[in-house]
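S.K.: Chain by chain, the residues run as shown.
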Amino acid sequence: MDFDDALDRLAALDASGLHGEDFLLSWERTEEELRAVLAVADALRSLREDNRSTRIFDSGLAVSLFRDNSTRTRFSFASACNLLGLAVQDFDEGSSQVAHGETVRETATMISFMADVIGIRDDMYLGASHAFMAEFSQYLRESHAAGLLEQRPTLVSLQSDVDHPTQAMADLLHLTHELGGLENLRGRKLAMTWAYSPSYGKPLSVPQGMVALMTRFGMDVVLAHPPGYDLLAAPRDVAANAAQASGGSFTVTDSMADAFDGADVVCAKSWAPYAAMEERTVLHETGDREGLRDLERRLLAQNAQHRDWTTTTDLMATTADALYLHPLPADITGVSCAEGEVEAEVFDRHRDALYRQAGNKPYAIAAMVFLQKVADPATRLRELRDGAHPRWQK
Amino acid sequence: MDFDDALDRLAALDASGLHGEDFLLSWERTEEELRAVLAVADALRSLREDNRSTRIFDSGLAVSLFRDNSTRTRFSFASACNLLGLAVQDFDEGSSQVAHGETVRETATMISFMADVIGIRDDMYLGASHAFMAEFSQYLRESHAAGLLEQRPTLVSLQSDVDHPTQAMADLLHLTHELGGLENLRGRKLAMTWAYSPSYGKPLSVPQGMVALMTRFGMDVVLAHPPGYDLLAAPRDVAANAAQASGGSFTVTDSMADAFDGADVVCAKSWAPYAAMEERTVLHETGDREGLRDLERRLLAQNAQHRDWTTTTDLMATTADALYLHPLPADITGVSCAEGEVEAEVFDRHRDALYRQAGNKPYAIAAMVFLQKVADPATRLRELRDGAHPRWQK
Amino acid sequence: MDFDDALDRLAALDASGLHGEDFLLSWERTEEELRAVLAVADALRSLREDNRSTRIFDSGLAVSLFRDNSTRTRFSFASACNLLGLAVQDFDEGSSQVAHGETVRETATMISFMADVIGIRDDMYLGASHAFMAEFSQYLRESHAAGLLEQRPTLVSLQSDVDHPTQAMADLLHLTHELGGLENLRGRKLAMTWAYSPSYGKPLSVPQGMVALMTRFGMDVVLAHPPGYDLLAAPRDVAANAAQASGGSFTVTDSMADAFDGADVVCAKSWAPYAAMEERTVLHETGDREGLRDLERRLLAQNAQHRDWTTTTDLMATTADALYLHPLPADITGVSCAEGEVEAEVFDRHRDALYRQAGNKPYAIAAMVFLQKVADPATRLRELRDGAHPRWQK
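Protein chains in written order, with this note's numbering: chain E, 47 to 440; chain C, 47 to 440; chain R, 47 to 440.
The following block holds chain E by itself, in its conformation from the complex (with noise of 0.2 Å):
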């Protein structure tokens, strides 16, 4: 990884906008602030390639707040911030209920006291989970405001029903180390479609964040989905308007095989019908659990008529020699169930790729808190760079 190239990037942006700010939607924040994570990513891999410590925070803490169980996600935002001298604490209240008002407001201020970043995760709850975060930054700037807190905590969307940014800044600069650079992104096809799983209830947000920020670089982004799996129209109109800004298109289409033909890029994932979500959150409101059973079976033969979706070698074999790639973990027919969204051949072919995919994730976040928390990253990457403190006494 090139830390000068990294650099030189950076310093051609402005991202001050990102300072002391939350970051919630990718489609929230400018292109510049976007490329800037990318930049400052590299650098850090670079820098960690070189075992030089990476560290900012001589001490300090920042807080899990899961409302549902993800070890991998857990995982990443641990790695990224020890990777940049912060301490985990979990906050993890159970998500039993939909929290709201003065129970938000109070679990702000609370874990807000000694806190430098908030990593908040909830995708649970369509129709409530980015509401929650937004609710919960706005107590923060008021809590501050009131000089209540010394420092201004930062959030950080791990995932929510809306978007899972961290997630498509990883796919992006994943992207970019792939196709060499984000300039080549420009004009190359981006297929995003649905894939049959045996299992129910996956968010939306996956294929939502990916439209919503791959069409921000002229990509030709082709949304597949079988009828009845839409997306919610907040990001699709996201989608659409980015694509026209940035000279890419993007497409809804119900065929699988139009979206894989001729992509250059493609990942197909289950997702489950926003309306069965929104009708479960309900229910996990009203703790009905013979109505999520009832869900549940009725989703599962809902998904079980759309069992030809799924990655094949002959639909890869229609691509322009595509990049595979998926947030795992993956349905792997024959592997990890019967049958699932990726044939095991396929799979098999591409994981290394998908494991460097993955291995994106803590910069990503890393990258996201770094241009929270410092005024001008360029200055202090340069001073880690040449400070030369090693991370490890090898």
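No lab work stands behind these hints: they were computed from the structure.
Do not take every clue at face value.
No copy is singled out in the list; a pair is fine if it fits within one copy or between any two copies.
Using 20 Å as the maximum straight-line C-alpha spacing, the simulated DMTMM-like pairs for lysine to aspartate or glutamate come out as follows [what the hints assert, rightly or not]:
1. K440 <-> E196
2. K440 <-> D422
3. K440 <-> E95
4. K440 <-> D96
5. K440 <-> E229
6. K440 <-> E181
Position chains C and R relative to chain E; hints supplied.
M.R.: This is chains C and R only, laid out in the frame that chain E set:
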């Protein structure tokens, strides 16, 4: 926060009795030791406000031994430890049994090999919690004396059945800030009253800690509760004696109105009758779920006879424009429950002050630990100020 | 603890085979590597006794992958990591299934991006645990070779079905301290015997680890157990071969008295018959709760036939004033159970020594990690000593 003022106060105090010693009950500490905790807490806050590192550990381990569930206390402890450079490791052996004898000795020695500080929280077992901590403390002394431990880990009580010293010290810190210094507490009236709550089993240690501590500094403390909600005799005796020694007073009444009348500080919080808590300890030990459910029913019914014990705007209007304290979370009428400890309007008006009150907790804990681990705190604090090592490379 | 003596010992040893390698089975390591672990452990202890920092990581991550529940082992690992400057992140995916294939590879790569050390504990699944660790190790090598990981995380086994190397090395360390040096173990008799316990399912890895390791250093090791409680063949073969090579001996008997007679060191601990543990693995995989309950009944009945296999004062009187070892917790007759592995009087008399034995565990683990991560350990240790960086600003 004025660093030099805090250091001037500290210079006049002898807190050597806290060095290498455990902080289990506030009334086991001298007045100078308590004043030293306040001074160090203020100094640490000042350093942090100036973005100076407050680390006294290059590496070190704090252990949290929680025998019940408390996210907030866990968080305060972790924040305090992080500030000083300690990593926190949980050692939660579950609360299913009341441990004694060999088990306590073994646990104490096992977690002490590498531990610098141990935070114990156990407020569930009336008649057993403080005893557990005292036993634990004794085994630590024996193991250290027998040469089995290189360093003597120090204990901090994060709440027992008898006292809640970190909460009480944080409240005291808060009052010194709001009233402009410890001397201004003298002669002020503080009402510590019971309040109605729709949940049962809240610990007595909050009111006990409050009355035992505030009477040390010349306050006129009035404890109010319905018949049958008496506190334990020991902290009441401490309060009575301390009031006499400090020139304050300690009165017990069964009238919430009389307590609030003309008060400068009020705290209205629910707690369970201690006879019931003793009964609950036995039922827990025998694992009698039916008995526990029956006990709960009886206590809720008993509480319900005193629904009028709630903090209203009318009651607040009878005070001397009192500061409203609450350890949080509060049961807020119409917000978190139908009927609770306080009216929403009162809570709203005092919300910012309540958050300021809560924000003292990590500093109170950090100050206790600082005095336990550092022989010459004033010198060390000056070094931290003059070394000007940034906590965070902004 | 004599630092210079430890460094002198280290200077004569070649531990380079441990650098960048995994520590899964003690018999995969050369004698010099094992001696190096002892020397580094003593050096680290010496530094810590002098309040010197022992950090070799400015930032870094250790991952604990526990597939069963063990508070003590989790604690030892966290203590060791903290000593070296590593933060610990748990990656506990639950023990409900035996993972294999794609799942293991994915887990291995996912948690390795930022991990420096991975501690794996899995002693539940006879026939599967060590295999899981070996598979994990292989995937790490492949991922590193494929350029997917910047650094090669090293594994430490925190107990498998086959060996418990950190326990065995801690016990060896303890014996060198109690007997005045490794050479003084030569020709001494060590009895590793089965003992009655009212609980079932204790792992075989403790006795297996003990006999496989102590025979490396010329001890006369006697393994005793009732019929039907044989250890696995592999560690027994290792013990027999090692005894021959080192000039010691390895005998198996069904008489606890014969084993104790004239012994210099004794360890009497319960374990389950391995056929039963294999059966349990299958029952777990199939989720057969009824079968597991039935297995438990049968094993408890089988144990009960050998209630006389317990450590009594009479038995201890037949030894050569033997050191009494136990990995703890012990089942103490009349204290933690009605009838157990050891009489209370014996345990009491040896309690301090047992705690000294246990206190070696974090140092044994830290020493293994030190040798895995540092190419020139002697130089690095001298730097830590000479740098005189205080661990704690007292």
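S.K.: Each hint should be assessed against the structure and marked as holding or not.
M.R.: Hint check:
Proximity of K440 and E196 under a CA criterion of 20 Å is satisfied inter-copy only: 14 Å between copies versus 38 Å inside one chain copy. With identical chains, the CA atoms of K440 and D422 are at most 20 Å apart between copies only, with a shortest distance of 8 Å across copies and 30 Å within one. In this assembly of identical chains, the alpha carbons of K440 and E95 lie at most 20 Å apart only when taken from the same copy (13 Å versus 24 Å across copies). In this homomeric assembly, K440 and D96 come within 20 Å of each other (Cα to Cα) only inside a single copy, at 12 Å, whereas the closest approach across copies is 23 Å.
In this assembly of identical chains, K440 and E229 lie within 20 Å of each other by CA distance neither inside one copy nor across copies; the values are 38 Å within and 31 Å between. Neither within a single protomer nor between protomers do K440 and E181 lie at most 20 Å apart by alpha-carbon distance, with minima of 46 Å and 26 Å respectively.
In terms of the numbered hints stated before, the structure departs from hints 5, 6, listed from lowest to highest.
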